[in-house]
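Those protein sequence lines, which keep their order, are chains A and B.
According to my numbering, the stretch in the first sequence is residues 1 to 520, in order.
According to my numbering, the stretch in the second sequence is residues 1 to 520, in order.
Read the hints as simulated data drawn from the structure, not as lab findings.
Among these hints, one or two may not hold up.
Remember, identical chains collapse to one label, so a pair may be satisfied in a single copy or spanning two.
[What the hints assert, rightly or not] With a straight-line cut-off of 25 Å between C-alpha atoms, the simulated BS3-like cross-links for lysine-lysine are:
(1) Lys344 / Lys503
(2) Lys47 / Lys225
(3) Lys146 / Lys503
(4) Lys58 / Lys344
(5) Lys330 / Lys197
(6) Lys173 / Lys197
(7) Lys310 / Lys281
(8) Lys310 / Lys197
(9) Lys503 / Lys58
(10) Lys480 / Lys281
(11) Lys330 / Lys310
(12) Lys58 / Lys281
(13) Lys279 / Lys225
(14) Lys503 / Lys47
Number of protein chains: 2
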Amino acid sequence: MRPVLALIGMACCAQVPYDRIRQADAEPGNWLTYSRTYSGQRHSPLKQITAANVHRLKPVWMYQVNDLAQFETTPLVVDGIMFISEPPSNVTALETRSGRPLWAYRRSLPPDPRVCCGQVNRGLTMLGDRLFVGTVDAHLLALDSKTGRVIWDMEVADYRSGHSVTVAPLAVKDKVIVGIAGGEYGIRGFIDAYDAKTGRRVWRFWTVPGPGEPGHETWAGDSWKTGSAATWVTGTYDPELNLVYWGTGNPGPDYNGDVRQGDNLYSCSLVALDAETGKLKWHFQFTPHDTHDWDSNHVPVLIDGAGGRKLVIVANRNSFYYVLDRATGKFVRGVPYARQTWAKGLDDNGRPMVLPNTEPTLQGTLVYPGLHGGTNWYSPAYSPDTRLFYVAVREEGTVYHVATPQYRPGRYFAGGGPRGIPGVEPGGSVKALRVETGETAWEFPLHSPPWAGLLSTAGGLVYGGTNEGIFFALDASSGKPLWRFPTGGPVLANPMSYTSEGKQYVAVAAGHALFAFAVD
Amino acid sequence: MRPVLALIGMACCAQVPYDRIRQADAEPGNWLTYSRTYSGQRHSPLKQITAANVHRLKPVWMYQVNDLAQFETTPLVVDGIMFISEPPSNVTALETRSGRPLWAYRRSLPPDPRVCCGQVNRGLTMLGDRLFVGTVDAHLLALDSKTGRVIWDMEVADYRSGHSVTVAPLAVKDKVIVGIAGGEYGIRGFIDAYDAKTGRRVWRFWTVPGPGEPGHETWAGDSWKTGSAATWVTGTYDPELNLVYWGTGNPGPDYNGDVRQGDNLYSCSLVALDAETGKLKWHFQFTPHDTHDWDSNHVPVLIDGAGGRKLVIVANRNSFYYVLDRATGKFVRGVPYARQTWAKGLDDNGRPMVLPNTEPTLQGTLVYPGLHGGTNWYSPAYSPDTRLFYVAVREEGTVYHVATPQYRPGRYFAGGGPRGIPGVEPGGSVKALRVETGETAWEFPLHSPPWAGLLSTAGGLVYGGTNEGIFFALDASSGKPLWRFPTGGPVLANPMSYTSEGKQYVAVAAGHALFAFAVD
Numbered sequence: 001m002r003p004v005l006a007l008i009g010m011a012c013c014a015q016v017p018y019d020r021i022r023q024a025d026a027e028p029g030n031w032l033t034y035s036r037t038y039s040g041q042r043h044s045p046l047k048q049i050t051a052a053n054v055h056r057l058k059p060v061w062m063y064q065v066n067d068l069a070q071f072e073t074t075p076l077v078v079d080g081i082m083f084i085s086e087p088p089s090n091v092t093a094l095e096t097r098s099g100r101p102l103w104a105y106r107r108s109l110p111p112d113p114r115v116c117c118g119q120v121n122r123g124l125t126m127l128g129d130r131l132f133v134g135t136v137d138a139h140l141l142a143l144d145s146k147t148g149r150v151i152w153d154m155e156v157a158d159y160r161s162g163h164s165v166t167v168a169p170l171a172v173k174d175k176v177i178v179g180i181a182g183g184e185y186g187i188r189g190f191i192d193a194y195d196a197k198t199g200r201r202v203w204r205f206w207t208v209p210g211p212g213e214p215g216h217e218t219w220a221g222d223s224w225k226t227g228s229a230a231t232w233v234t235g236t237y238d239p240e241l242n243l244v245y246w247g248t249g250n251p252g253p254d255y256n257g258d259v260r261q262g263d264n265l266y267s268c269s270l271v272a273l274d275a276e277t278g279k280l281k282w283h284f285q286f287t288p289h290d291t292h293d294w295d296s297n298h299v300p301v302l303i304d305g306a307g308g309r310k311l312v313i314v315a316n317r318n319s320f321y322y323v324l325d326r327a328t329g330k331f332v333r334g335v336p337y338a339r340q341t342w343a344k345g346l347d348d349n350g351r352p353m354v355l356p357n358t359e360p361t362l363q364g365t366l367v368y369p370g371l372h373g374g375t376n377w378y379s380p381a382y383s384p385d386t387r388l389f390y391v392a393v394r395e396e397g398t399v400y401h402v403a404t405p406q407y408r409p410g411r412y413f414a415g416g417g418p419r420g421i422p423g424v425e426p427g428g429s430v431k432a433l434r435v436e437t438g439e440t441a442w443e444f445p446l447h448s449p450p451w452a453g454l455l456s457t458a459g460g461l462v463y464g465g466t467n468e469g470i471f472f473a474l475d476a477s478s479g480k481p482l483w484r485f486p487t488g489g490p491v492l493a494n495p496m497s498y499t500s501e502g503k504q505y506v507a508v509a510a511g512h513a514l515f516a517f518a519v520d
Numbered sequence: 001m002r003p004v005l006a007l008i009g010m011a012c013c014a015q016v017p018y019d020r021i022r023q024a025d026a027e028p029g030n031w032l033t034y035s036r037t038y039s040g041q042r043h044s045p046l047k048q049i050t051a052a053n054v055h056r057l058k059p060v061w062m063y064q065v066n067d068l069a070q071f072e073t074t075p076l077v078v079d080g081i082m083f084i085s086e087p088p089s090n091v092t093a094l095e096t097r098s099g100r101p102l103w104a105y106r107r108s109l110p111p112d113p114r115v116c117c118g119q120v121n122r123g124l125t126m127l128g129d130r131l132f133v134g135t136v137d138a139h140l141l142a143l144d145s146k147t148g149r150v151i152w153d154m155e156v157a158d159y160r161s162g163h164s165v166t167v168a169p170l171a172v173k174d175k176v177i178v179g180i181a182g183g184e185y186g187i188r189g190f191i192d193a194y195d196a197k198t199g200r201r202v203w204r205f206w207t208v209p210g211p212g213e214p215g216h217e218t219w220a221g222d223s224w225k226t227g228s229a230a231t232w233v234t235g236t237y238d239p240e241l242n243l244v245y246w247g248t249g250n251p252g253p254d255y256n257g258d259v260r261q262g263d264n265l266y267s268c269s270l271v272a273l274d275a276e277t278g279k280l281k282w283h284f285q286f287t288p289h290d291t292h293d294w295d296s297n298h299v300p301v302l303i304d305g306a307g308g309r310k311l312v313i314v315a316n317r318n319s320f321y322y323v324l325d326r327a328t329g330k331f332v333r334g335v336p337y338a339r340q341t342w343a344k345g346l347d348d349n350g351r352p353m354v355l356p357n358t359e360p361t362l363q364g365t366l367v368y369p370g371l372h373g374g375t376n377w378y379s380p381a382y383s384p385d386t387r388l389f390y391v392a393v394r395e396e397g398t399v400y401h402v403a404t405p406q407y408r409p410g411r412y413f414a415g416g417g418p419r420g421i422p423g424v425e426p427g428g429s430v431k432a433l434r435v436e437t438g439e440t441a442w443e444f445p446l447h448s449p450p451w452a453g454l455l456s457t458a459g460g461l462v463y464g465g466t467n468e469g470i471f472f473a474l475d476a477s478s479g480k481p482l483w484r485f486p487t488g489g490p491v492l493a494n495p496m497s498y499t500s501e502g503k504q505y506v507a508v509a510a511g512h513a514l515f516a517f518a519v520d
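Excised from the complex, chain A in its bound form (with noise of 0.2 Å):
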């Protein structure tokens, strides 16, 4: 048993080993880990804040950034100290008390950092009583969470060439997992595994398999040294089984499918690498040859199906909800979640039946889901209780365009581009979807597609966000609409909930704060 540590002033030596991340649920306080356990279901067994009283949620303190880009975090709470990324490549500690801060990070970046859709970061990992951060020029940090202090700083890859560590890394045993962000810039994907002690590199999966290793053959020509399959969200790990679970990336460059024929292993799939070595032990490919942007980089979710069965679920950006055993990879079922125009369904093996013209043309093809999917790299929640598997749904079309890509590092590769619909306004949702069946038990209708992800909490209930900045509570079992809050400010992150001095708080960064809610 670990000591409890009870006072604030003992917080600054923390110490989260292996262990503690792996039995995380019986410290439903602390959110030890991106996802808080290493199922990645965001679901906390809290349950101070309830149906009954929600309507007394309050924000009792918040924390402003200074930086426009979007804030992404998933705040970790260890013991009293919540610790923060922020963007670009920042880290903060906050007593989870008051919000007030007790060290902070700063990083000095190059004035050319490549990324795509900004420079945002989504958290952090700890292990020991270090913390693991990614920056945008693609390296990656060990800081002391006593005090900030840099410990390592590895280069990961060649930001020049378009790499950024985006990504909450994964701590795994004596390892930090993490993936790599690229895909708009022609990189070649992969995972990789360092030593938390010294920061070497202990292992590399790469996404996009070289000459000679299988699903090589799925790429013509060279176009695997190009062929992206990021990896930019993080993944999640059954130590029984000891493998990783994370999400694959669209083949790049993206729209063009022609100058890459084949099916572009490992690009919009789940990899399931040995912890130890990074081997594949099996992969599933949601998207084969995609020219949609049709990332996979989603949270794996694992839960237990019947009879104890070991699987993982995901919604996909192609709309369609696959439920995966996650020993073997084998498909079990998939059914369309939100709305789609591009597959008549999946076959035995849950692969798509594509339509015909679902392909981008030079005038314009238009798809459903279009290209930020039916959802996208924020997290989905899963409830034991409810068995309802919660997912924030854009319904959004896409004009297609293909064009001509060309290639030149650390530039924007992309073989076309997507338009809107004119007159079409997309909209979107929270949808409960049974777990075993991929139905949808209740569905919560928002104003826009949403960029927030959700939180589901044992007091019954689902917290999401929405781009005109609501931050809400839904009734978990019926979807009702129970509490919201006005932030301000685009709500682009995932919701948590933590103790402090035994009172349940929900956290959430909102336009460029950072929200502590309580019921006082």
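Since the structure of chain A is already known, use the hints to place chain B on it.
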């Protein structure tokens, strides 16, 4: 009587004729002009929020801005609509109940405005159905309050020579009175009045008299041409006397008085101008021949003294509190309210008796107050209930250095510079001064010298803020702290209060957000 506009839907057509502003005290739920009334007292007659219930005060909505400059606005509230300025020179209309944006005006600015201290804006004035806002490129705009559409756009002065308009204008009768910033650039200061209907300039009062004008003799040689005396804080108005009261900034160049021998009228002064003509009725110079950057850019607060004597009171940046007869400008009383080491006191006419060895030198001269003064631009408040004058006080010395200034149009123009005092942490407080004597009734200490104004309410509360992001309420009679909220960003603005659908709100800008608080 104006019609009562009870429906939000009707608020679109709100009209604020001069008579409404003049009788603003009859509309406690609105906030029609910068300091609520022409008196500049920044006292709200609202009393729903009291010492007994302020502990239940909580944020009910927020609005976040997308600019990192200081957010210094005082909102206006008219019949259910809030109008705010945002940095750098933007205007937004919000629903008072929800914070929902109704329209936004976003100014297209040149790339090179000349502002010493941030591309800021302190607020708006309204007249009829028009809003008036100044810009950092030194224009004055009239906007349609229903839509944000620009009705007219007048150049107040050439921004390339260092002018900017950051002050909230003041609507008086059919005119819009506006000051100018740019003291650090060697501008020649003025106060302007524009016809609200046409935008035509009706009068200009030069705060640095030209050849042949009274006061010109207080400037050696050609020094008047770059004499500064800027006017960047909103004045007040006495409708009976028909006088506009407006503070003026320090003479230019700063720190080095040798190049501008003389008293340098009307720098560091309060001027009383005829509202129709802009003619000087009287002036009172707080700091003749200033060399310490002690702008007198304060809201001059109009109060009734014993026997109904018309007074104007100023807690000056030079650390003295002044009571003047506002009909004549006659000095009534003056005492220090903050630490000062530069004057033995004030003589019978209120002129400071300056101590030797307080001038800036090559080696540096330590003087209290420092360059930011005993207080600064942010608003004080006065409660007719307590007869206390509330001032956010800075306790900070400066080591003043002298140098040789060189004037180049549009470039920074200073004859020296300030340094802090090694090893001495500056501090601050909120002080309640007995209005007749300037004696301190109570003092509430702050961790660092404040940059936030104060609001007094008939609920017996004084609201203020800190650099550390705490917005707080004090008991107006005792200074006892009753409530606080961590906003997460420095409070660099003045609070205000209003009602929406009958409920009292308190609003303040903090960090990059506007907060509306209420008791549920």
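Going down the list of hints, with the structure as the test:
Neither within a single protomer nor between protomers do lysine 344 and lysine 503 lie at most 25 Å apart by alpha-carbon distance, with minima of 50 Å and 56 Å respectively. With identical chains, the CA atoms of lysine 47 and lysine 225 are never at most 25 Å apart, being 50 Å at best within one copy and 70 Å at best between copies. Taking CA atoms no more than 25 Å apart as the test, lysine 146 paired with lysine 503 passes inside one copy only; the shortest distance there is 24 Å, against 45 Å between copies. Taking the shortest Cα distances, lysine 58 and lysine 344 never come within 25 Å of each other, neither inside one copy (46 Å) nor across copies (52 Å).
In this homomeric assembly, lysine 330 and lysine 197 never come within 25 Å of each other (Cα to Cα): the closest approach is 36 Å inside a single copy and 74 Å across copies. Taking the shortest Cα distances, lysine 173 and lysine 197 sit within 25 Å of each other inside one copy (11 Å), while across copies they are farther apart (72 Å). In this assembly of identical chains, lysine 310 and lysine 281 lie within 25 Å of each other by CA distance solely inside one copy; the values are 15 Å within and 87 Å between copies. For the identical chains of this complex, lysine 310 and lysine 197 are neighbours neither inside a copy (32 Å) nor across copies (74 Å), given an alpha-carbon limit of 25 Å.
For the homomeric pair lysine 503 and lysine 58, the shortest alpha-carbon distances inside one copy (13 Å) and between copies (18 Å) are both at most 25 Å. For the identical chains of this complex, lysine 480 and lysine 281 are neighbours neither inside a copy (41 Å) nor across copies (66 Å), given an alpha-carbon limit of 25 Å. For a Cα distance limit of 25 Å, the shortest separation of lysine 330 from lysine 310 inside one copy, 11 Å, qualifies, whereas the shortest one across copies, 87 Å, does not. Proximity of lysine 58 to lysine 281 under the C-alpha cut-off of 25 Å is found in neither arrangement, the shortest distances being 46 Å within a copy and 52 Å between copies.
Only within a single protomer do lysine 279 and lysine 225 lie at most 25 Å apart by alpha-carbon distance; the minimum there is 20 Å, versus 77 Å between protomers. Within a single copy, lysine 503 and lysine 47 get their C-alpha atoms as close as 10 Å, which meets the 25 Å cut-off; across copies the closest is 32 Å, which misses it.
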